[in-house]
Amino acid sequence: MSIVAPVPMLNYFGYLFDGANWHLSGDSSIPERLAQHVGYTLAALVISALIALPLGLLIGHTNKGAFIAIGLGNLGRSLPTFGLVLLLVVTLGVYLWAAIAALVVLAIPPILAQTYAGIRSVDRAAVDAAVGMGMRPMQVLLKAEVPMALPLILGGLRSAMLQVCATATIAAYASFGGLGRLLIDGLNRNEYDQILAGAIMVALLAIALDYLGAGVERAVVSPGVREQRGRRSRRTRSEGPAQESPAVSTSR
Amino acid sequence: MITYIGNNYSDIVSDLVQHLWLSLIPIVVGAGLALPIGYLAVRKNVFLQPVNNVGAIIYSIPSLALFLMIPGILGVGVLSPINVLVGLSLYTLALLSRTVADALISVQGQTTQAARALGYRPLRQLIGVELPMAAPVLFAGLRVATVANISLVSVGALVGSGGLGNLFTSGFQLGFTEPIIIGIVLSMLLAAVCDVGLVLLQRRVTPWTRVGAST
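Protein sequence lines correspond, in order, to chains A and B. By my numbering, the letter at position 144 of the first sequence is numbered 144, and the numbering carries on one by one without gaps. By my numbering, the letter at position 50 of the second sequence is numbered 302, and the numbering carries on one by one without gaps.
Because the hints were derived from the structure by calculation, they are not lab data. Don't be surprised by glycine CBs; every beta carbon is placed ideally from N, CA and C. Take these hints with a grain of salt, some might be off.
Claimed, not checked - Here are the in silico distance ranges between beta carbons for each label pair:
#: 1; chain 1: B; residue 1: Leu426; chain 2: A; residue 2: Asn188; range: 17 to 23 Å
#: 2; chain 1: B; residue 1: Thr255; chain 2: A; residue 2: Glu191; range: 37 to 43 Å
#: 3; chain 1: B; residue 1: Ala366; chain 2: A; residue 2: Asn63; range: 37 to 43 Å
#: 4; chain 1: A; residue 1: Glu191; chain 2: B; residue 2: Gln360; range: 35 to 41 Å
Chain A with its partners taken away, still in its complex shape (with noise of 0.2 Å):
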């Protein structure tokens, strides 16, 4: 804070432009926040992946359990994020476990909806293709519909990563860590520019989260795939009336 009375633009970033929040550890170290909130982020996202990638090449695989998927999927997307954060904390206790526990609960759906889409929208042409040349079912899931359906399965992970990272903020509210916390400590002490330095960081953060997705999704789709899927929905313009497409979003 200068002792100058500051311009109105100037005091709102002022805890973000101060030197001292960004020293590498401390109570107001906005770096130690920023890493305790990818650290929330990953764990969560890492967890719910290993249930529900598995899950879903399952039931896309043998189509069995489907409405599980869709289900889960659409119930996911309507549970408000918040009540559920504060549900499991109010039931297991503040434990850092128990605010991770609920953003795996809410990045499952999302995932395992999408993988199961995924493998169920593979040509299935090209899956009798794969059992025609002698592949074993493992192999027929692995090298066949797995990178075919990878665009809409790393769209999952992309929105699960999203909605965790969202959620993550809301959790600074029961008492946990990462950025969230510049936000409820600026709302307590009325203080705006800390309010907009976490505000503007976790935003950043997201974008930058979804940027890496986008490239990651660049590196590992086969460039056959996705030359396909283009070729796919350029198609469709001028076949009649539009039709519902599967909608890859969930809440933040």
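Given chain A's structure and the hints, the job is docking chain B onto it.
Chain B in isolation, oriented as in the chain A frame:
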């Protein structure tokens, strides 16, 4: 659970009503803005990519961060309900402007050529041919946006206007699960009711899709 509902009946009802308003006003505002923007993006092709990119960026910003950036831009108080309304309208706009563009692109081709050959002018073609043909995609987007908004409103409880989210914060402060469970259940029920309402509305305004499906 029953006693909690009995003792707090009027609070729960007013939270529910506030929740409904906070989620539906942004849908109307966002959809109203998304139609011209999506239309423009399709007509003037140079806008298509920027509209999609800006939409994706807005949509990736976490809700609490978005709600709390708005007072700095609009100069309203941190606890003003305007923040939640504008924030959710932005999400709806970001989601639906892309949906509108995709939907309009999906009906181009033979259909619009036929309409033009029949002498339809652009506006009449849009209202009479393109929008009805695009209705299934538009409604799919509208349903996603509505359900997302209803589940997001509760975050607003942290900034003073949260509808059923108020039950979450009071439950947390008192250490009771009852209000939190009631809030979650009511929020999901509200989402389900609005979703069914939109499906029924879609069936009403696109009667031809049913005829096609049954033959």
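Going down the list of hints, with the structure as the test:
Taking 17 to 23 Å as the suggested C-beta distance range, the pair Leu426 (chain B) and Asn188 (chain A) conforms, at roughly 18 Å. For Thr255 (chain B) paired with Glu191 (chain A), a C-beta distance near 40 Å keeps the hint of 37 to 43 Å intact. The hinted window of 37 to 43 Å between Ala366 (chain B) and Asn63 (chain A) holds, with their beta carbons roughly 39 Å apart. The hinted window of 35 to 41 Å between Glu191 (chain A) and Gln360 (chain B) is violated, with their beta carbons roughly 52 Å apart.
Checked against the numbered hints above, the structure breaks only hint 4 and satisfies the rest.
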